[in-house]
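Engineer: Residue-level listing of the chains:
There are 2 protein chains.
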Amino acid sequence: MTAARFAVAAIGNAIVDIIGRCDDAFLAKHGAAKGSMRLVDAQTIETLYSEMGPGIEISGGSAANTMVGIASFGGKAAFIGKVAGDEFGRIFRHDIGAAGVAFDTAPVNDKAPTSRSLILVTPDGERTMNTFLGISTDLDHGEVDAATVTGAEVVYLEGYLFDQPQAKAAFRQAVSLANAAGRTVALTLSDGFCVDRHRTEFLELIRSGVGILFANEAEITSLYQTANFDEAARRAAADTKLAVLTRSAKGSLILADGKAHEIPVDPVAEAVDTTGAGDLYAAGFLYGLTASRDLATAGRLGSLAAAEIISHVGARPQTNLGELARARGLLS
Amino acid sequence: MTAARFAVAAIGNAIVDIIGRCDDAFLAKHGAAKGSMRLVDAQTIETLYSEMGPGIEISGGSAANTMVGIASFGGKAAFIGKVAGDEFGRIFRHDIGAAGVAFDTAPVNDKAPTSRSLILVTPDGERTMNTFLGISTDLDHGEVDAATVTGAEVVYLEGYLFDQPQAKAAFRQAVSLANAAGRTVALTLSDGFCVDRHRTEFLELIRSGVGILFANEAEITSLYQTANFDEAARRAAADTKLAVLTRSAKGSLILADGKAHEIPVDPVAEAVDTTGAGDLYAAGFLYGLTASRDLATAGRLGSLAAAEIISHVGARPQTNLGELARARGLLS
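One line per chain: the protein sequences are A and B, in this order. For the first sequence, our numbering assigns the number 1 to the initial residue and increments by one for each residue that follows. For the second sequence, our numbering assigns the number 1 to the initial residue and increments by one for each residue that follows.
The shape of chain A in the complex, shown without the other chains (with noise of 0.2 Å):
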């Protein structure tokens, strides 16, 4: 196995996010569950845009912030994933460049525009998403760089983008790719719903060659039918190397060679926007992993980021990351 260029490589949407304050009436008269992602087409999307407040534009897209969150640690990261030649597809590819991420996927025109999430905040800090997937989910096996998913120790794929049959393809094309190069294949479940849409695939795929299982109590209660998160953590422990799995605000549990490792959440003063808190917890157990720490240390980690995100508007770091772990001791 050769030396990896980058820690970690993803796959997944290429998304930026609109952000704004709604209160609950509002999502009540739209029909979004409070809390949840929904897809929305583009008619769902102009009118919600057009009867919410103002907004504030931040890159975003699941994957691509744990990215974003590897860079701010000091990791090697790339992203794959798909936009089109217009503004929003200009401020993501400027934004994951200057995080640090190297992004190489060519942009494409006139096919749909990039894609966009609306992100509702309510007084409680909740989110509830409403993403309008233009070109993101046309990702075929074709922009899957072989160079960049054999040049990374682990290969993070998105699960969202798994609702579209070509986007399945080139999953299952990074992973034979990965496994083949002797790297190792994490996958992130996403959501509850596109893990109720996909079940039996998903759960091929993660026992055909996912070495590491992201998930919240919804989605890996979803994947395994059951309302029992104990019997869900026992048969992702079974059916992955190590599975990862997020609690909120009762912190993260991580299950690995017969072992179960609880990890607490790090205290935030304010929840101001819980948007990303999933995608930064896997950037600082991803970068603690790739940086040869033990797993209660990765998991701190990915307690610290998730604290961070949580903690102002936006799915993108503030704050240098690494900065911080060393502030405090958990890098050194």
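Watch out, some of these pointers could steer you wrong.
It does not matter which identical chain is meant; a pair holds if it fits inside one copy or across any two.
[To be verified] Heads up, simulated SDA-like pairs for lysine to any residue below, C-alpha to C-alpha not over 20 Å straight-line:
#1 Lys-76 / Glu-51
#2 Lys-29 / Ala-98
#3 Lys-29 / Glu-46
#4 Lys-76 / Gly-53
#5 Lys-29 / Asn-320
#6 Lys-111 / Asp-86
#7 Lys-29 / Pro-123
#8 Lys-259 / Asp-104
#9 Lys-34 / Ser-292
Just so you know, these hints were derived from the structure itself, not from any lab.
Since chain A is already given, all that's left is putting chain B on it; use the hints.
Structural biologist: Same frame as chain A, now just chain B:
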């Protein structure tokens, strides 16, 4: 004089801000004087953007920020300014409308893109602005809607627009229309360098029909070519009915009817980003004035709004300013 539809109508640049962080060395390398606003061409803004860190996009524009502030206090505000039919133009239109400000200027395509300003925030909270004036300076008198101008108690003119001949003509037309309708014209000088470029014409405009003049220390001393603030203030008081002079941490000075009102600043726990402090001071002041408050109260509303804007990134309020003022006992 018929009843006014709007408390204030503004004519200004329609700009989307791209806000990022940088250190002092970055500013020095790119020849940008900390705390200043400079106009840059398309090439320079591209270079700065490609070398700066990740950004967030928030609607801005000096007079537009002021109108949003007035709406946040509960006042009726309108804005006249020019955008293109691109994504940034759509963002600007959405945000100002969603904030409750009437905005009916039609977009113009294929001439120039929507204006944008790269705002570089240094660790001390100072902001350095690099503005690429696209379509917004192209405003001409045909776009100054007479019904809007004559339908507002106060017509507020943004000095930044004064660099283009057609915009100067638009300003003069607005002054004539407003004065003929018995309305008050307010002018903000916007920038010391802008004053330097157009001193004689600014003085003519002020003496010919500006009832309220807003300026900070650098602008008013530039206008009267004196290093002595007190002298500049005396001359401003002679040239206009109401002079409102802001002095950063030293508070503000309101001069009218031979009297001077000194207004303290509102304390801020942490100055995160000073972008928009002057714009929001003007919002509080103009709201107070058009809501028939006395000058000292109007000034304190200005200080309150400026403090809110300094406490976070971006030049549009994140808190309802009317509620904030009521909580502080400044409005009932």
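Engineer: Each hint: holds or not?
Structural biologist: Now the hints, each set against the structure:
no.	hint	in the structure
1	Lys-76 / Glu-51	between (40 Å within a copy, 19 Å between copies)
2	Lys-29 / Ala-98	between (38 Å within a copy, 17 Å between copies)
3	Lys-29 / Glu-46	within (15 Å within a copy, 42 Å between copies)
4	Lys-76 / Gly-53	between (37 Å within a copy, 17 Å between copies)
5	Lys-29 / Asn-320	neither (39 Å within a copy, 22 Å between copies)
6	Lys-111 / Asp-86	both (11 Å within a copy, 17 Å between copies)
7	Lys-29 / Pro-123	within (17 Å within a copy, 42 Å between copies)
8	Lys-259 / Asp-104	neither (39 Å within a copy, 64 Å between copies)
9	Lys-34 / Ser-292	neither (38 Å within a copy, 42 Å between copies)
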